[in-house]
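Protein chains in written order, with our numbering: chain A, 1 to 174; chain B, 1001 to 1178.
Rather than coming from a laboratory, the hints here were simulated on the basis of the structure. It is possible that some hints are incorrect.
Said to hold, decoys possible - On the chain B side, residues computed to face chain A include the following (Cβ under 10 Å): (1) P1041; (2) S1144; (3) Y1177.
Stated by the list, open to error - List time: in silico DMTMM-like cross-link candidates among lysine to aspartate or glutamate, alpha-carbon distance up to 25 Å: (4) K1053(B) / D1123(B); (5) K79(A) / E157(A); (6) K1168(B) / E1056(B); (7) K1053(B) / D1133(B); (8) K1053(B) / D1127(B); (9) K1059(B) / E1076(B); (10) K52(A) / D1045(B); (11) K1059(B) / D1127(B); (12) K52(A) / D1127(B); (13) K1059(B) / D1124(B); (14) K52(A) / D1178(B); (15) K52(A) / D1124(B).
Every residue gets a Cβ at the ideal spot worked out from N, C-alpha and C, and that includes glycine.
The residues making up each chain are set out below.
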Amino acid sequence: MMRFAVCTFIVLSSLGLASAHAQNISLTGTVRPGTCTVNNPSHTMPPVGAEKFPATAGGGVVDSYTPFSLELTACSGVKGARLTFGTAADAAPAPDANRFRNTLTTGAAPNTGIWLQSGACSATGITVAPGSTLTRAFSGTHTEALCAQYSKVGSGEVTAGDIASTFTVTVDYE
Amino acid sequence: MKRAPASASGPCRIGMAMCLMVSPWAASAGAVVDLSGSVRPGTCDVHAEDQAKRVELPKVQLHVVGAANGVVLATELDWEFRLVNCRGVRRVSLVFAGPPHAPGQPQYANTGSATGVSLHLVDDRTDAVMPADGHHASLTVTGSAATYHGRSYFYRHNGTPLQHGSFKSAGTVVVTYD
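Could you put together the complete structure from these sequences and hints?
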């Protein structure tokens, strides 16, 4: 129906009929939010002994606390942002899916993952699970403080090896 | 004539409504977070009874030691070195060492007053001599524990007169974890 109405209008215009016909033209649009410049944090976490890992699955390792931040700078026309941390594919196997998995395929420390938390490193940090979002209102710039620590995942023993996790933080602007 | 505009405006109203429902969020390329680290081997505890371990060697009479050069079998004594509460450890490596009776000799020196004798250590699993300049052993951790089994003997050096007295010999064991 829309297409028919538009075609009718065009035909009438091209005919150039002499009769006067007042026509209001309404122009509408949308101003989309601006963007910010976002850093790509890369950190080497401190090495720790396997004996530092708790026996309980999901437990963290205080000695591995690694504070870092996501910096949103040079923001223009931005009232806020929604940060989505990775996807479900970045998660450790259930029941520890709220930890980021160790992505190494060789030399990996078994039964390990990374526990990401919002805010400063502390025992009461809020878990940021893979695929979860944080919504923040701000103008100008924003610093999202985060803390990473090693975590035991699964029921097996943690022994020597390496840990790595790389994920994308998708930023949606308001 | 009046119905046509009315019906034509119907889809437009729907179109407007859809425009208003567009999310205020505008997606943009995100950041990449890259975290890496490592886990070192864990550790074990030395069993409380084996910390600064003291092995009481048998008291023997001189005629038991005899005159022949070599191991005095009658003085055999088994001992063990126990590691417990191992966490995050697959294997442990042990290195036993101490001052030798004489340079190049595998026996441990006696720092007591007796002469003509030294300490001879043997790996109980393999019967290999544990030389004073360093004996390496590797143990698999099972059930969060590992135990090294050793054996000791007096050793007669008949190039030196045999004299009674005290006997004392010391060594160290260095433990590394994997």
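Outcome of the hint check:
Evaluation of the P1041(B) hint against chain A yields a held restraint, the C-beta minimum of about 4 Å falling below 10 Å. For S1144(B), the shortest C-beta to C-beta distance to chain A is roughly 9 Å, which falls under 10 Å, so the interface hint holds. Because the smallest distance between the Cβ of Y1177(B) and any Cβ of chain A comes to about 8 Å, under 10 Å, the interface hint for this residue holds. A C-alpha spacing of about 17 Å is found between K1053(B) and D1123(B), which places the hinted pair at or below 25 Å, so the restraint holds.
For the suggested pair K79(A) and E157(A), the alpha carbons sit about 46 Å apart, so the restraint of at most 25 Å is broken. Restraint check for K1168(B) and E1056(B): satisfied, since their Cα atoms lie roughly 10 Å apart, inside the 25 Å limit. For the given pair, K1053(B) sits about 19 Å from D1133(B) by alpha-carbon distance, which is consistent with the 25 Å threshold. This hinted pair checks out: K1053(B) and D1127(B) have alpha carbons roughly 21 Å apart, not beyond 25 Å.
Among the hinted pairs, K1059(B) with E1076(B) is consistent with the structure: their alpha-carbon atoms are about 11 Å apart, no more than 25 Å. Taking the CA atoms of K52(A) and D1045(B), the gap is about 14 Å. The hint holds against a cut of 25 Å. A threshold of 25 Å between alpha carbons decides the hint, and for K1059(B) with D1127(B) the separation of about 23 Å falls inside it, so the pair holds. Only pairs whose Cα atoms come within 25 Å are accepted, and K52(A) paired with D1127(B) is rejected, the gap being roughly 37 Å.
Restraint check for K1059(B) and D1124(B): satisfied, since their Cα atoms lie roughly 22 Å apart, inside the 25 Å limit. Between the alpha carbons of K52(A) and D1178(B) the distance comes to roughly 15 Å, so the proposed pair stays at or under 25 Å and holds. Our distance criterion of 25 Å between C-alpha atoms is broken by K52(A) and D1124(B), whose separation comes to about 33 Å.
Hints 5, 12 and 15, counting from the list given before, are not met by this structure.
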